[in-house]
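There are 2 protein chains.
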Amino acid sequence: MILNTPIDMHLHLREGKILKDVIPYTTNQFAAAVIMPNLIPPVDNREKLESYKAEILENSENFTPLMNLFMREYTEEELLDLSEDIFAIKLYPAGITTNSENGVKSIEAIYPVLEIMQELDIPLSVHGETNGFVLDREREFGAVYKKLAIDFPKLKVIMEHVGTADLLSLLDEYENLYATVTLHHLLLTLDDVAGGMLNPHYFCKPIIKTPKDKMEIQKFVKSGHKKIMFGSDSAPHPIKNKLKGAAGVFSAPVILPALAEFFEGDNETFQKFISDNARENFNLNLPERQVELIEEEWIAPYIVGDIKPMWAGKKFRYKVKNAV
Amino acid sequence: MILNTPIDMHLHLREGKILKDVIPYTTNQFAAAVIMPNLIPPVDNREKLESYKAEILENSENFTPLMNLFMREYTEEELLDLSEDIFAIKLYPAGITTNSENGVKSIEAIYPVLEIMQELDIPLSVHGETNGFVLDREREFGAVYKKLAIDFPKLKVIMEHVGTADLLSLLDEYENLYATVTLHHLLLTLDDVAGGMLNPHYFCKPIIKTPKDKMEIQKFVKSGHKKIMFGSDSAPHPIKNKLKGAAGVFSAPVILPALAEFFEGDNETFQKFISDNARENFNLNLPERQVELIEEEWIAPYIVGDIKPMWAGKKFRYKVKNAV
Numbered sequence: 003m004i005l006n007t008p009i010d011m012h013l014h015l016r017e018g019k020i021l022k023d024v025i026p027y028t029t030n031q032f033a034a035a036v037i038m039p040n041l042i043p044p045v046d047n048r049e050k051l052e053s054y055k056a057e058i059l060e061n062s063e064n065f066t067p068l069m070n071l072f073m074r075e076y077t078e079e080e081l082l083d084l085s086e087d088i089f090a091i092k093l094y095p096a097g098i099t100t101n102s103e104n105g106v107k108s109i110e111a112i113y114p115v116l117e118i119m120q121e122l123d124i125p126l127s128v129h130g131e132t133n134g135f136v137l138d139r140e141r142e143f144g145a146v147y148k149k150l151a152i153d154f155p156k157l158k159v160i161m162e163h164v165g166t167a168d169l170l171s172l173l174d175e176y177e178n179l180y181a182t183v184t185l186h187h188l189l190l191t192l193d194d195v196a197g198g199m200l201n202p203h204y205f206c207k208p209i210i211k212t213p214k215d216k217m218e219i220q221k222f223v224k225s226g227h228k229k230i231m232f233g234s235d236s237a238p239h240p241i242k243n244k245l246k247g248a249a250g251v252f253s254a255p256v257i258l259p260a261l262a263e264f265f266e267g268d269n270e271t272f273q274k275f276i277s278d279n280a281r282e283n284f285n286l287n288l289p290e291r292q293v294e295l296i297e298e299e300w301i302a303p304y305i306v307g308d309i310k311p312m313w314a315g316k317k318f319r320y321k322v323k324n325a326v
Numbered sequence: 003m004i005l006n007t008p009i010d011m012h013l014h015l016r017e018g019k020i021l022k023d024v025i026p027y028t029t030n031q032f033a034a035a036v037i038m039p040n041l042i043p044p045v046d047n048r049e050k051l052e053s054y055k056a057e058i059l060e061n062s063e064n065f066t067p068l069m070n071l072f073m074r075e076y077t078e079e080e081l082l083d084l085s086e087d088i089f090a091i092k093l094y095p096a097g098i099t100t101n102s103e104n105g106v107k108s109i110e111a112i113y114p115v116l117e118i119m120q121e122l123d124i125p126l127s128v129h130g131e132t133n134g135f136v137l138d139r140e141r142e143f144g145a146v147y148k149k150l151a152i153d154f155p156k157l158k159v160i161m162e163h164v165g166t167a168d169l170l171s172l173l174d175e176y177e178n179l180y181a182t183v184t185l186h187h188l189l190l191t192l193d194d195v196a197g198g199m200l201n202p203h204y205f206c207k208p209i210i211k212t213p214k215d216k217m218e219i220q221k222f223v224k225s226g227h228k229k230i231m232f233g234s235d236s237a238p239h240p241i242k243n244k245l246k247g248a249a250g251v252f253s254a255p256v257i258l259p260a261l262a263e264f265f266e267g268d269n270e271t272f273q274k275f276i277s278d279n280a281r282e283n284f285n286l287n288l289p290e291r292q293v294e295l296i297e298e299e300w301i302a303p304y305i306v307g308d309i310k311p312m313w314a315g316k317k318f319r320y321k322v323k324n325a326v
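Protein sequence lines correspond, in order, to chains V and P. Take the first sequence: its letters are residues 3 to 326, numbered as in the working numbering. Take the second sequence: its letters are residues 3 to 326, numbered as in the working numbering.
To be clear, the hints were calculated from the coordinates, so they are not data collected in a lab. Mixed in with the good hints there might be a few duds.
Straight line, CA to CA, 35 Å or less: simulated DSBU-like cross-link-like pairs of lysine-lysine [what the hints assert, rightly or not]:
| id | chain 1 | residue 1 | chain 2 | residue 2 |
| --- | --- | --- | --- | --- |
| 1 | P | K246 | V | K19 |
| 2 | P | K19 | V | K246 |
| 3 | V | K316 | P | K310 |
| 4 | P | K246 | V | K22 |
| 5 | V | K246 | P | K246 |
| 6 | V | K310 | V | K321 |
| 7 | V | K310 | P | K246 |
| 8 | P | K316 | V | K246 |
| 9 | P | K310 | V | K19 |
| 10 | P | K246 | V | K221 |
| 11 | P | K19 | V | K214 |
Chain V stretches covered by chain P per the calculated footprint, using a threshold of three residues with CB under 8 Å from any CB of chain P [said to hold, decoys possible]:
| id | region |
| --- | --- |
| 12 | 55 to 69 |
| 13 | 188 to 195 |
| 14 | 299 to 312 |
Sample of chain P residues facing chain V (criterion: CB under 10 Å; computed from the structure) [as the list claims (entries may be wrong)]:
| id | residue |
| --- | --- |
| 15 | V195 |
| 16 | G197 |
| 17 | M199 |
| 18 | I209 |
| 19 | K246 |
| 20 | G247 |
| 21 | Q292 |
None of the values given here were measured: they were computed from a predicted structure. We put the beta carbon where it would ideally sit given N, CA and C, even for glycine.
Modelling step: build the complete structure from the supplied sequences, incorporating the hints.
See below:
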């Protein structure tokens, strides 16, 4: 099976040693990826943007990093300067996930920035969770998505890593809302985190939810909905940090083999989910690159550097031709 | 404040070093406790029952262990012999929690044992969870509780460590159902486990659920409902096992200080919950012992042996007079 120009619309690469360890597992499967800016300090100025992009390019080949900025109160001048070099600006409600302590405390405070973004056609990428009860946070945030969609009708708003199926029904209500879905929210439930022994390696924010959410997310994705795109939210943490409770699933190594099984026989929808929808929704003009999946048993890596991948050691029926 | 003969209706003491480490934190607060039988191998014969009880007595003073047996297909002869020396028989659906791999796979298989228990007036203690989705297991098990209550109308059935408030409404529908409530299901929610960083020390089965469940459980407990009794389900695991995902909260050290704050000013309901309800429901004839709580700042221990207690390091406004 050949996939044309697969794009991971939501990726954490970190920096330094971790980046070097994990990036080959993305670049062998994806022609491009949207790179999240939650470093310490965050990517929120030209200097950091350029040095981070350079680090990614030095460690990859035939790969396009689509850079995101971390939300702050940017001026119009700054964004005019930066807009050609970024894909989107990422909004983290303060303190909700990894390295988001500097996130935004009030949505209204960034309305002037959103005005400028709308004008300059810079998409807004959102980690959509309130500070409510862990299972309700995404559903509660639905009200914020609606408000953003209405208040900025020409701003493209991406609801990232949707784990609560309710949110996906907003896609047809508001023209300017889009969504990414991760591998783990598509294929796992809270049972995988806490149904047997506690498994910190599947703990992430937003937390993976119920079988009903999973089923409905699968239905949306299988429907080939144009506004739903794949975004892994692959988020590597060293095992010692996972054991201290860090949130994030390092899914990068197993993405295409797992999705090939999920879409089994429906290459058309797979191709849309993994690339075409994103390219059309955001007019992405990327160098094309074909990625081949072959039907051959493949075992997911047990460890990558100091990081335990999702489904470590699991057997798959498909293998990426250039498997790491 | 003086409590008369506090009883912990659900306690895991383990054996050997762990038992020696943890038992002082129970015996300084409780006159008696119902001792769970899920050792390896389980407490399911006279020899093990006697040696385990002896181990507990050797390591305690002025303390009555109310021994439970682990459910298996006992004969009438065995139970006639054992009935005077036990409080109840504990039913674990197979594989659902710590050391329950030898549990019961089909409730019908033990109907003959339940007949004998009903006849001999031996209560049935139940870990009520199905093998369904982790958040639904207790609610789904409600059907089993109803069936047991109807099929054995004179068998006293204890719904242990209720974390799903729905189950408590069964108490008024079925005369022979009783319930225990833990400190952590009374005072925590899934947010404490997975709302911030993942906290394995608050991971238990049944898993701690929603704010709504917590609120309703609190309402039931505060109402002084006669059939609701305190059972800590305090379940010590060495930290290294908790980090591997073992289920159980070691709450023993903080129970009375935490409950004193919860019941603040309502000593009558506190006394019922912590002792009187249990003594009346099960005609327990125990040596009376008074336990004094003084209003004085007290800090919960950070560590007990190799075990991290619930609310380690937290300040309380009440202190057990004989605090360890």
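Now the hints, each set against the structure:
The suggested pairing of K246 of chain P with K19 of chain V holds, with an alpha-carbon distance near 26 Å, which does not exceed 35 Å. A threshold of 35 Å between alpha carbons decides the hint, and for K19 of chain P with K246 of chain V the separation of about 26 Å falls inside it, so the pair holds. Note on K316 of chain V and K310 of chain P: the hinted pairing holds, with a Cα-Cα distance of about 33 Å set against a maximum of 35 Å. For a cut-off of 35 Å, the pair hint linking K246 of chain P to K22 of chain V stands: about 28 Å separates their Cα positions.
Restraint check for K246 of chain V and K246 of chain P: the C-alpha separation of about 12 Å stays at or below 35 Å, so the hint holds. In summary, the hint linking K310 of chain V to K321 of chain V is supported, as the alpha carbons are separated by about 19 Å, within the 35 Å threshold. Using a Cα cut-off of 35 Å, the hinted pair K310 of chain V and K246 of chain P holds, with the two alpha carbons roughly 14 Å apart. Restraint check for K316 of chain P and K246 of chain V: satisfied, since their Cα atoms lie roughly 19 Å apart, inside the 35 Å limit.
For the proposed pair K310 of chain P and K19 of chain V, the alpha carbon gap of about 33 Å is at most 35 Å, so the pair holds. About 34 Å separates the Cα atoms of K246 of chain P and K221 of chain V, which keeps this hinted pair within 35 Å; it holds. With a C-alpha separation of about 44 Å, the suggested pair K19 of chain P and K214 of chain V falls outside the 35 Å cut-off, and the hint is violated. A count of 0 residues in the region 55 to 69 of chain V with a Cβ less than 8 Å from any Cβ of chain P is obtained; the coverage claim is therefore unmet, three being the minimum.
Only residues whose C-beta sits within less than 8 Å of a C-beta in chain P count toward coverage, and the region 188 to 195 of chain V has 4 of them, enough to reach three; the restraint holds. Given a C-beta distance limit of less than 8 Å, the hint that chain P covers the region 299 to 312 of chain V is violated, as 0 residues qualify and 3 are needed. Hint on V195 of chain P holds. Least Cβ distance to chain V is approximately 7 Å, under the 10 Å limit. Among the interface hints, the one on G197 of chain P holds; its C-beta lies about 4 Å from the nearest C-beta in chain V, closer than the 10 Å criterion.
Interface hint at M199 of chain P: satisfied, since its Cβ lies 3 Å from the closest Cβ of chain V, which is below the 10 Å cut-off. Among the interface hints, the one on I209 of chain P holds; its C-beta lies about 6 Å from the nearest C-beta in chain V, closer than the 10 Å criterion. With a least beta-carbon distance of about 7 Å to chain V, the hint placing K246 of chain P at the interface is held under the 10 Å criterion. For G247 of chain P, the interface hint holds, the least distance from its beta-carbon to any beta-carbon of chain V being 3 Å, beneath 10 Å.
Annotation: interface hint on Q292 of chain P violated; nearest CB of chain V at approximately 39 Å, more than 10 Å.
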